[in-house]
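Enquirer: Listed below, chain by chain, are the residues.
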Amino acid sequence: MSDNTIRKVCVIGAGTMGAGIAAQVANAGVPVLLLDIVPKDGANRNAIAEGAVAKMLKTDPAPFMGKRAARLVETGNIEDHLDKVADCDWVIEAIIERLDIKQDLYAKLEKVRTLGTAVSSNTSTIPLAQLTDGRSDEFKRDFLITHFFNPPRYMRLIEIVAGPQSDPATVAKVRDFADRKLGKTPVDCEDSPGFIANRIGTFWIQAAVNAAFDMGISVEDADAIGGKPMGVPKTGIFGLIDLIGLDLMPYLQKSLTSTLPADDPYQKIARSEPLIEKLISEGYTGRKGKGGFYRINREGGGKVKEAIDLKSGEFSAARGSSVVRGSAAKGDLAKLISIPGKVGDYAWAILGPTLSYSASIVPEATQTIVGVDDAMKLGYNWKSGPFEMIDKIGAARLVERLKADGLPVPPLLEQVGDGTFYRVENGKRQYFGTDGDYHDVVRPEGVLLLEDIKLSAQPLIKNGSAALWDVGDGVVCLEFTGKMNTLEGEVMKLIQQAIPVVAKDFKALVIYNEGPAFSAGANLGLAIFAMNIAAWSEVEKLVKGGQAALKALKYAPFPVVAAPTGLALGGGCEMCLNSDAIQPHAETYIGLVETGVGIIPGWGGCGEMLERWIDNPRHPKGPMAAVSKVFEIVSTATVAKSAAEAKELGFVRPTDEITMNRDRLLFDAKQRALGMVEGYQPPEKPEFRLPGASGRAALKLAVDDFRKRGMATPHDEVVAAELAHVLTGGDTDPTELVTEDQLLKLEFEGFMRLVRNPNSQARVEHMLETGKPLRN
Amino acid sequence: MQVYDAPIRDMRFVLEELHNDDGFGDVEGYEDFDSDVSTAILEEAGKLCKEVLLPINWSGDQEGCKLENGTVSTPKGFQEAYKAFCEGGWAGLGVAEQWGGQNAPHALGKMVEEMTCSANLSFGLYPGLTGGAMVALEAHGSDELKEFYLPKMANGEWSGTMCLTEAHCGTDLGMLRTKAEPQDDGSYLVTGNKIFISAGDHDLTSNIIHLVLARLPDAPAGVKGISLFLVPKFLPNADGEPGEHNHAGPTAIEHKMGLKASATCQMSFDGSKGWLVGEPNKGLEAMFTMMNTERVAVGIQGLGVGEIAYQSAVYYAKDRLQGRSLSGVKNPDGPADPIIVHPDVRRMLMTMRAYNEGCRALSGWVSRALDASHSAREPEVRERATDFVALMTPVVKALFTDLGHESAQLAVQVYGGHGYIQESGVEQFARDARIAQIYEGTNGIQALDLVGRKLPHRMGRNLRSFFHPVSQFCEDHAADPAIGKLVGALQQSFGALQLSTGHIAQKGLKDPEEAAAAATDYLRLLGFVAMGYCFAKACKIAHAKLAEGTSEEAFYKAKLITAQFFFDRLLPVATAQFMAIRSGKASMMDLPEEAF
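One line per chain: the protein sequences are A and B, in this order.
Heads up: the first sequence begins at 1 in full-length UniProt numbering, then just goes up one per residue.
Heads up: the second sequence begins at 1 in full-length UniProt numbering, then just goes up one per residue.
It is possible that some hints are incorrect.
Cβ-Cβ distance ranges computed for the label pairs, FRET-style [claimed, not checked]: (1) B:Asp480 / A:Trp536: 14 to 22 Å; (2) A:Ala552 / B:Thr575: 32 to 40 Å; (3) A:Ala404 / B:Arg582: 52 to 60 Å; (4) A:Lys700 / B:Gln472: 22 to 30 Å; (5) A:Asp473 / B:Leu591: 32 to 40 Å; (6) A:Met711 / B:Cys169: 42 to 50 Å; (7) A:Ala552 / B:Gly25: 43 to 51 Å.
No more than 27 Å apart at the CA atoms, straight line, and that leaves these computed lysine-lysine pairs for BS3-like [stated by the list, open to error]: (8) B:Lys485 / A:Lys541; (9) A:Lys544 / B:Lys507; (10) A:Lys228 / B:Lys510; (11) B:Lys510 / B:Lys585; (12) B:Lys485 / A:Lys493; (13) A:Lys330 / B:Lys510.
If you are wondering where the hints come from, they were derived from the structure by calculation, not from laboratory data.
Backbone N, C-alpha and C define an ideal beta-carbon position, used for all residues, glycine too.
Pulled out of the complex, with its shape left as it was, chain B reads as follows:
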């Protein structure tokens, strides 16, 4: 049973209470989004997700997308849902007012994204891809392109894609073959084949705007010879209406493990007319503008699936009657107690809950930094926010998607045999969540990005934006009567993180393989310390609220218990990660290739 109610109270806690002291301040330009407005938006979005998107999640998975006569049709209900989505103004929530959007802060926008990902991950991809394409276009496109395309994308009338991957090149884009021939009118003719293109074709919008990586005729080899082009499915008329077909369309749809209602297409561009976005041969940089935003968005997908998996598991654990509690019968009127009485079921539920709350708290911090990195008044704050986003982007992407997938697997486990049966709807979460660990740069690549680029960058400068507030918090609260003990545990794992960082910096300098061998463990260690920091802060707030008296005692008490669970049961893994990192690469690399 797929059960979902948007966790609005926790979202508001993150938005309004948790990060007020993070030094990113009140970001300019978002004054309209006060508490009341934000709450209203969250509630509206929650309603849409529960009432419109959730009901077509499982059916969409069962039905899948179809390719007929060169066009893709989405499952039943998707067109109507998309229409409702656009009419509600959700397509342009985070888009600048200039293009007809609402200019909501990321801090709020990411919460709404989490909801759509919970309710219907496949559906979320269609507007999600449009959002990414808009980011790249806004940052690098000419004024002419922006003025023509952005308003229609902001209101959802047209959608967007990003076309990078080809059959022989995924992670290594330097080998890309698609070509772009310049034309006399300043446009280009793009020819080539792409695979794995999310939302590559569908029946939700009247036009699809593809951002395609291709090579100019005189381009240098490798990644320095890649340019970015805007290629519409239909060439717009002068009045802006979709006109002639541009020979940019799907040749097949991929048959995937999950995410079946999202059309993942093989695309063919056959002399399709396009326009250069940004500088020639600087396409990868332009693409990375969107990729970095997208990586945070993919992390949110992991969180979204984790949340619905948790809620669905809770529903079942309370509903399913099996066995009796070890501490005495809890449901004397029934044939058995609900399985939520069992410690091991609790273990699974609390793990999922702590992951979700921890990730949401961390995502709230990163989102605030995203906003501050663009809009903070003081240059130092912008710089610090930029450093923090750079450091945390691979962590959010990899950690959230790993934990989201783990939560989905735990949900299946809570359901037992029924979880393995399609009708329960929970195995879909496990299948859907799986891709998020892979696309937008596999989680292994994220870990390499963290230790290879983000960590050593400018002698560890990115680290400062995270290590300093944690260190300061630990110092300030080590003797706090309410949270001193938690802070002690946080300090210990933070120490492990500091030592690991020093270890990697030192070893990695001499031997990059040492850094790479530590990468995945290090990413998780850093992520867990970050979540621990957020939980410790949450406890400080909760204790204060409970002490001063609140009508929401249950919420704050639950927060304290969840945090305690995280510190007792989950954070200790930091020590293990530390030991793994310290062991070095030897046992990972020593086995000769032929022995595999």
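Only chain A is shown next, with the shape it has when bound in the complex:
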């Protein structure tokens, strides 16, 4: 028996899923062997696996989080290299969905693998019992199904199916690795067809497509009703089919109809549409093909989005649909399904059967409703799971309407009666079990969520833009609460209020929140309005207040750990830079993007980045080396596309640890902070030896060159000059030392000059209006 650590992984099958899974293993810093078959022709016997890695390096969104990760993938083929499996602690099979080929592979694997090495299949359709048929008991003990979702780096769901003979220790080992290292949320499933997410997902898509054809709903309206208002990605249903491929639909359908029992409700609604068959045969397989229900018409040099008429099969310019308005557009499902006429009827035609079906597969497909909700949220990006949706409508109301429509009412729905599937009891979230009782939703060890803390606690301090929470063990959490967690005066005010509170009664502070973005930066909408009314003193206050608050945090008598996830841009990035440590989630997109809107970092970002690059032992020394590097990164508004990349760019220190699982971020950050408490001393104020005017001349030459090559605009030059002025230390020379305060003053002055520049104002305005940078 090996210990419980997985040190090396093998992925067999270098298709989209296999390669993506291998990349994610590598992203976790774990070496991975990626094997595929030997191609029929060609001299390179590893060509398929190698090609897959090469392709991934060019894919956007990128499967790899950084260059280092790509180097952890070793490629090979199953004929020459299968014996290398002996060194691996987990083998993931992700080959073609053919039972005979899989069984054949397992037979070979059994001969080469080390006893105790976990073997799992990424199958989405074949029952576990059939897969291990003919294998030894030892093999069966180490075997399970681990079903990833596409793309494996970004989709957080992993469905885990253990067989009756699977060794719980092996399953636990894989589950733990998938959770902590791969950042996935494992959901335990029964060995039933389609597991959870694809079973409900396929049913849902079928119900929505059927109803659109039957009720004469246009694809635009269908997606406008079945998308955002239901908390489903705004592509809606037809847009989603275009994304996954029209040709995949008959395949999914067949795999379910052939494996589900004859009385399963899906059997009744599964059907093929002649129009869809025709589209597939003509190459309209979705976005990967000529288009699908939508297509982009580029005739005449234009770019017109067109939608198909489900009756005639003709394409015409897609109309924006605004059939759903008011609260029904914002998640009020009860309202949505009761809108009189087509809109409400169509919404019901999707939700009624889908929610009923979801309630019918517990416990057959999984033991708890929590598993169902997690699966749909993490595997299909639904905002709420089916049972959360039922609670929004009201289970009793749903039952009533299902009955009125002659639709099946699953026992679980009858059982919950007038109650809800979730409730909060004594500050704990509870779910309704199949035993008719409520049970606490238990988080895995090492998972700490503000969402849970808020159920029973009040914030220590709170205002319109931020709040301060006691997260236990003497640690306080600073949460941003504005739109996109943008930063403004109120946030700074709360920071200043928090410091004495933490210093007096607590040990450490963590900056963390549970929005999709840690912080999109300073509130530009507020800023542009202040700029438009020439409220310069307000802008000055915002800059100086931010500098003061962030530096006060930096020099506070307790450790501060920033725990970003998602966007950490501009001021959000500076919030991290000024912290003692950063505990980033792997999926953190961090950068100083100020130049994109014609300004420069104003909250100490320039000095912090200089300090990091001066301290970097692998970077050349001398007054110019760090300045050039930071200038390069900031003047081009470079954003790291992962925490790993953030380390390469110096936003995150080499000593900082990365959290792979989003749900573990607060816990990890808290532990990090607690680890720093003993003997904590605030950092010394840095002093910089900077090049001054001569360094600026060198940077100007570089910018001039960019300008000549058409890569920099006239206003880029102006912004770059201000940035260069700060980074080179203003009126200094390498014989002098520049203090942090002097650098902050330079930042402030440069910032204010740019804010008053009409071209910068145009950039801010353009960014807010279009979401894109203006290249003026």
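Start from chain A and add chain B according to the hints.
Expert: Then chain B, alone, in the frame of chain A:
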């Protein structure tokens, strides 16, 4: 006594000295209108106004218009005055050369408009309406319509109207009922009734070209189903002469509080032949092209009446002998001193004077922006000018007409009992000025336009065109030895304006009623800060002129004193407006409806 001499020196100050640094630059296409030409035009216009239009102002008011046998006759002297007006080329002053006009800049044209409004507001409406109709037609009409109609309108031979209002819909045009049926020849038959149509019918021109809002048969409900039609009173022959009557005529004339020599008609269109102007169902947009120009023009009406009210009051205050000066006898040979010696009379006269000069200065700025918005070379300048005009249009309309009316009331007050008697002629100003606060969108609607549309538009972008130059000026001149003190006061009111703007933006976002409750106060606050800015700039120029030596010392010294009065006595109201705005809507909205 109605007294008027065109204030040409102040107009030239605004045109030539005050706004040279406003960043709108020398607008292309107006090179012909140099200082000499502009001065000559102003002098000629002043003469016409004083000698031809002013003498028939009071008599026209007394006589009014008459409707007989389906046509309206204007008061005595109007036909002759109109003929002189057209012969002088005034009808086409601002019209493009292409249509036979003189293509004068708005900056100059608005000065002439101010004069006609001073001398005879009723008269001014006839060519004024033609001008508005031409703007809409030029922007939206087909080439065929433009080539046929515009030249005859530009030389004043034909006049124009805009027919919007119906008995049941004024502000809310979505409820409009007039219909237009398409005909095989591409024309339409327009049927319906309109009310409050200025210059709807008269005997000044051989034909009247009505621009009528109506609905097409398949038009959607509401404002998105309104189209604009050109409907002539007489259908022109192929040779362009007025022919057959088009069943488009007056059924009654309104009996009004003032503006009696302007025929305000109820109109009937009975299967009248018309042609579509612009796109089907886009009539309101086309109409708004003209409405926006017209709103500035209505603001100028307020200024015009304010100016003649001031001059008439000054005349009386110097002439009327009552009481003795508190600082000692000033007219020892007479039985009493002229009432102009009394501080309270001074208060009224200085208020009127400061309003007029402030509004004229602001109107000069907006007019330059109007020109730049069409003709400036650089797109950024055009854009900034467009933003500025958009922001200031409701301010000019509402503020100028409110202040014009206030001036007219003050003139009555200066005249005392005699002002209340018709023969003095000053009560006519108060009656005439009143309508300008109402038509082309009431002043309440203007204030809503300002806070609801112009302020939040593109995150406050319109504001930039005004707030930035004021802010920059304050920064640049805060320490100026000559005007530093005034600038300090300006800065204070500007600060109040900035805070109010932030307050409205913030509150209004959550509760539109909060913004609406602040609207009228905010409009006035913004307007007063704008006038204050103009006065401060004027002082800077005046100080420089006086320092370098000038033959016009009196003019510049008077400018300094008037400005000082504005800063001392009028601008402080900004603080009060600010406090009112900050108080929020509660006391305005709390009283239950049944308690009224």
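Enquirer: Could you run down the list of hints and mark each one as holding or not?
Expert: Verification of the hints:
The hinted window of 14 to 22 Å between Asp480 (chain B) and Trp536 (chain A) holds, with their beta carbons roughly 19 Å apart. Between Ala552 (chain A) and Thr575 (chain B) the Cβ separation comes to about 36 Å, which falls inside the hinted range of 32 to 40 Å. One distance hint, 52 to 60 Å for the beta-carbon pair Ala404 (chain A) and Arg582 (chain B), holds here, with the actual separation near 55 Å. Restraint check, Lys700 (chain A) to Gln472 (chain B): a C-beta distance of roughly 28 Å satisfies the suggested window 22 to 30 Å.
Look at Asp473 (chain A) against Leu591 (chain B): about 56 Å separates their beta carbons, and that is not inside 32 to 40 Å. Between Met711 (chain A) and Cys169 (chain B) the CB atoms are about 58 Å apart, so this pair departs from the stated range of 42 to 50 Å. Between Ala552 (chain A) and Gly25 (chain B) the Cβ separation comes to about 48 Å, which falls inside the hinted range of 43 to 51 Å. With a CA separation close to 26 Å, the supplied pair Lys485 (chain B) and Lys541 (chain A) stays within the 27 Å bound.
The hinted pair formed by Lys544 (chain A) and Lys507 (chain B) meets the criterion: a straight-line CA distance of about 26 Å does not exceed 27 Å. About 24 Å separates the Cα atoms of Lys228 (chain A) and Lys510 (chain B), which keeps this hinted pair within 27 Å; it holds. The suggested pairing of Lys510 (chain B) with Lys585 (chain B) holds, with an alpha-carbon distance near 13 Å, which does not exceed 27 Å. A hinted pair counts as satisfied when its Cα atoms are at most 27 Å apart, and Lys485 (chain B) with Lys493 (chain A) does not qualify at roughly 35 Å.
In summary, the hint linking Lys330 (chain A) to Lys510 (chain B) is supported, as the alpha carbons are separated by about 17 Å, within the 27 Å threshold.
Checked against the numbered hints listed earlier, the structure breaks hints 5, 6, 12; every other hint is satisfied.
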